[in-house]
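Enquirer: Residue strings, one per chain:
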Amino acid sequence: MDFTRSEGLGGFSLAGDYSEAFYVHVFQMVAEGYKRLDPCRYSENEEEEITGALTEAIQEFLEDDGSPDWAAAYSVVEDCPLPQPGRMGRKRRRLDFTFIRSQRGERPKFVFEAKRLNKNTRLAKHYFGQDGLGRFLSGTYPAYNDRAGMLGYVQTGSEPTWAERLSNHLAENHDALVVEDSPGWQTSVVTEALPHTYLSRHRATASGTPLAVYHVLLRFY
Amino acid sequence: MYREYMYTTFGEYSRMELLDQALNQLGYSDASSGYAGDPDELCQDPAYGHLYRRAAQRCGLQGVYLLRRSERKTGVPAVYVCQAENDGQARKIHRSVWNQDTVPLLIVVSPTFIRLYNGFDSGTETQRGLLKEVDQSGLSRLNEALGSLTARSIDSGRVWEDWGAVRRHDQRLEGRFLKNLRGLDEVLRNDGLDRTASHGLIGKFIYLRYLRDREILSDDRLEKWGIMPAHVFSRDARLTAFWALDGRLREELNGSIFPLEPKRHEILKAHLQQVAGVFAGDDPNGQLSLDFELYDFSFIPTELLSTVYEQFLHETAEGSKSGAYYTPLTLVNFVLDELDEKRPLEEGMTVLDPSCGSGAFLVQCYRRLIGRKRRQIGQSLKPRELRSLLEDHIYGMDRDGDACRITELSLLLTLLDAVETRTVLGSGFKLPKLCEKNIIEADAFDEDSEAIRGLKDMRFDRVVGNPPWAKIPNDSEEPARKWLKQHKKRHPVSNDSLAEAFAWRTHDFAKDGAEVGLLLPAMTLFKHAGKPFRQRFFEENDVWAVVNFSNMRKILFPGADHPCAAFFFRSQATPHMDATILTYAPFVVNQPANRAEKGRGGKAAWNLVVNASELREIPIEEARLGDSLVWKTAMWGSGRDLALLRRLRRRFPTFGEFSEANGLAMHEGPQIRHGGTAGVVHVPELVGKRQVLMQVLKSCGRLFGIPEDALRVIPPGECFARKRGGLKPLDVCRSPQIIVDAARRFAVFSNESLVVPPRQLGIAGKEEQADLLRAIALFLSSDFVTYQQFFASTEWGIRADRATKETLHELPIPFGDMDSSELHDWARLYAELQEKARTGDDSDTQEQLLGEANRRVNKALGLRKNEIALIRDFLVYRKQLIEGRVPHEATSPASDRETQAYAKHLRDELDAFVADSSPLRHAITVYRGEENRLAVVEIEAVKKAGRPIEPEIHSAVEPLTEIARKVQNVFEKHHRHWLYYERGLRIYDRNTIYLFKPNERLHFLESQALVDADDLLSEILTARGAS
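Top line first, the protein sequences correspond to chains A and B.
Everything in the first sequence is counted per numbering that gives the first Met the number 0, starting at 0 for the first residue and increasing by one.
Everything in the second sequence is counted per numbering that gives the first Met the number 0, starting at 0 for the first residue and increasing by one.
Think of the hints as simulated: they come from the structure by calculation, not from any bench.
By construction, the Cβ of each residue, glycine as well, lies at the ideal position given by its N, Cα and C atoms.
Incorrect hints may appear among the rest.
With beta-carbon atoms standing in for the labels, derived distance ranges [claimed, not checked]:
id, chain 1, residue 1, chain 2, residue 2, range
1, B, Lys943, A, Val177, 51 to 61 Å
2, A, Pro67, B, Gln43, 47 to 57 Å
3, B, Glu897, A, Ser157, 49 to 59 Å
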């Protein structure tokens, strides 16, 4: 069986419109989940606890009778394990959030890595390091269609302040984080419900392919 | 080759002109047709090349019409075109082609006639096998006379409407040869020969007949050896001549082929004459009708001899005990093709079949090695090269010595197939001895066997086979039992499945990362107990494809009960982190060349076409959860069904939890027995009670009351139950109760205490719970429950049409938040239905009430419009495809209204997907052919905000003509056989997508619109560079 889509989409000129719709759905799901939570309850919680609560809330949205029809075709998976040589069972690395359009054929996906942003956060290590954005850069985590996301759970300070710190850090570590010069860090609101969404562009260190990373800052205090 | 006839003229045309004329008339000369007219090129084909070669050498084969997905892929031969000199030669060609058992239709072109023969019917009686004849005067109208044989008809599948009946299994060589072997074995066994001697003598004669038909044992040769041909190959056979020939062959070629020496004293002249006579065409006792005179062993493919012999072995005691069963050749080739796609088998790679049976897999592997080597060096292989290819690459083992010997014979005949006749004898060449070297008679789990240890040390590059599906015998001395005891923690096996143990055992023989292709029971994917096996197996192997043949069971294995699945994996390897398993469950309804003309299947498959529209991908992580629902929805549904069923499973309590919380009893009915038998106990409670008779309800549909004729008072002598089953089942035989059919056709509430039949379920509660039970009965009678139970059941749709108690336990039930008045309403509706059913009239009102019940259930579960369509379409159409059925309602064209509904659903799905981010709208136009074959759905994406665009339906048009101007080149070059291979072909062209599909209702259901929308979106969203 070699039914790969070797012919591609030929000259189909509107593929971008559909991709855009997919990303809008992903961010709408994050927004809907966030809307169902009481952020103040999570000011002291660990990242895994917030991720768990957010996943449940997104799931609730997806299963709600009143949710839009498109929602029925999506699922969100928390802690999705990755097959890796030499790592089996619980030892496998896990993706924080994976949004999957559940259908037959190859399933479009979008992956988020989640990190807390509070007074103990060391950006270089926790957010941008090997256990953060670095996972996408190194290819340890897959970036589907060269796009991935970081969720910043803001537990102290404001979202704009953290956005500035993230932006500065990127600028200062331009080479290490293989940041593309233009346009650099920019506001990129995919849905109005998530106003603190930013975009940075990189090159994956392992593959050399372009990588667009969306940073969504969610207040949890 | 038949080249000598090429330029001989006769009458008006030269032979070649005649052939050209015929090919033109049939449309085969068209470059875009599937006709392959270069025999040299055909001979390169890895699966069929050897057959084409023989046909080109001896049948005047000029070309083959192939069904194929692309130019570079192996095609399935549909029509042979041969040239003959005269009537006698044409008949001979037909007989030879029948012996190949490969191609259903044969056209023979002669100077005076053009004939169409049935390639699967030998034509023993007058005219049998001849389907049509056209004389030379009709040549100019050949396309009319053989209308359904034109390229266009074959490409569109119309050929099978006219000639589908040619596939009858009972006329094919495979079936008849098996029947004849059985008959001959029976005669020999009745004459006092034991199994080994009988099989040995038959095997030896297959070998001798092969050598004779190949003219290796020519009259000259026999004369040189002082042996009269009639003294071996006729009813006048003599032991002296037979043993003399056997001795000569042992000396000249090989001593190990079916060694009969140990049995020499048992084989009497009468036995020999019996076998020799039968092989010469005699009837052994005047009662059996044997066909040996029809056989030409130089044409029968060795691999076919091998598979037939495997069936023959199975039918004798040894085979059935060990669970061995034959593997159809189409399946063997399918498995090897799939492995070759991953990495072509070539010189230097070793192959093992750990349960080789009669060697069908090994023969085909060897055949491929020979073909590749021949292509590589550009000439035929020398006998010693063939010998080393065999000895250095091909290995097998089996517990059954007879199977090993037939494997050896099959491999050696394959070697001889590739050798020129004149170089076989007298050149000093000897056939290798394979038994005890390459083919080991041993149990694959026997750690004490030196031979097995030797094979383990070899670590093979490829492991293939169809391991036995029996249970591991409960005998502590059995090697497999010992192995299981040692390994069950790391390598779990469910229900003592020998096949699962074999799947693990491949680790001990295969190199890490070696490709493995095994045929295992399809239930491996579905059974509850198999969860630990699935979890571990998908964890420890890089499984890249699983093909589930459940729906094709009856045409792939006529007469067999157990469906199979092919597993393809790299042994002990880790898949890519984002890997998916390609899975595919071919449905007979989607196999135009295999499906029966009407209703249920019943013809044996002569090919296996991989149809792209049925492919699914399962993420490896899903497979590792071990959940059978993933495989069930992959076969019978889509990701939508999986998402729906999982959502409801999370959202509602299960029926098991609900019944426990409400103190309801749920159990299968008691096993009632006659008194006086061992292990039974008298149950006074049964006296005077009535029992439901399931045999009376065999063909019933939805019921709301048990008909009187399906009830009987249990006679006093039968008021006993098995002690072993306990008396718990009696709890559900007290009213108020519900009787739930195992096939979920009905759930009947009863106020009379009825005895629930065995295997059916009873649910019972307290007196005051009557309303609750009525409400439950209403729920259980809904479409949703049938749908959910079908998917949740491990066997339904795979092997047997039933669900179990465990399946009902898992059913999500939406009664948690209902207050008593709501439940009372449900109970009242059920009571109304019961009343209507009791009075037996006013079926319209009953339908309305049932519709109301379904609406209530759907609302209580919060089902969306699209999800209701999924359920409805599944029950009305897809579920009817069970066991390979091909119902007319599914394959007839959709009405205009249905097509319109399909188009609107497709449009709405696509519009809704982009609604939040783009002004894109979708204009859908459906072109439907006049005949029941092709439809094209044109989807134009238009940037135009506003109201949805009304779909257009154009019926009774020639869709290809309409579309041809736009995509003709792409279509004709690459997708000629879309009907066979890509029944959901999509072509993208600027802002328009063309969806090609059969003009059949099944492809225009509302639920299909959702699947089509999902497929399109998946393809667009995951295409490289889509972002």
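Enquirer: Would you mind marking each hint as holding or not holding in the structure?
Expert: Hints, one by one, checked against the model:
1. Separation of lysine 943 of chain B from valine 177 of chain A is about 41 Å and departs from the stated range, judged on CB atoms against 51 to 61 Å.
2. A hinted range of 47 to 57 Å holds for the C-beta pair proline 67 of chain A and glutamine 43 of chain B, which are about 55 Å apart.
3. Between glutamate 897 of chain B and serine 157 of chain A the beta carbons are some 57 Å apart, a value that agrees with the proposed interval 49 to 59 Å.
Checked against the numbered hints listed earlier, the structure breaks hint 1 alone; every other hint is satisfied.
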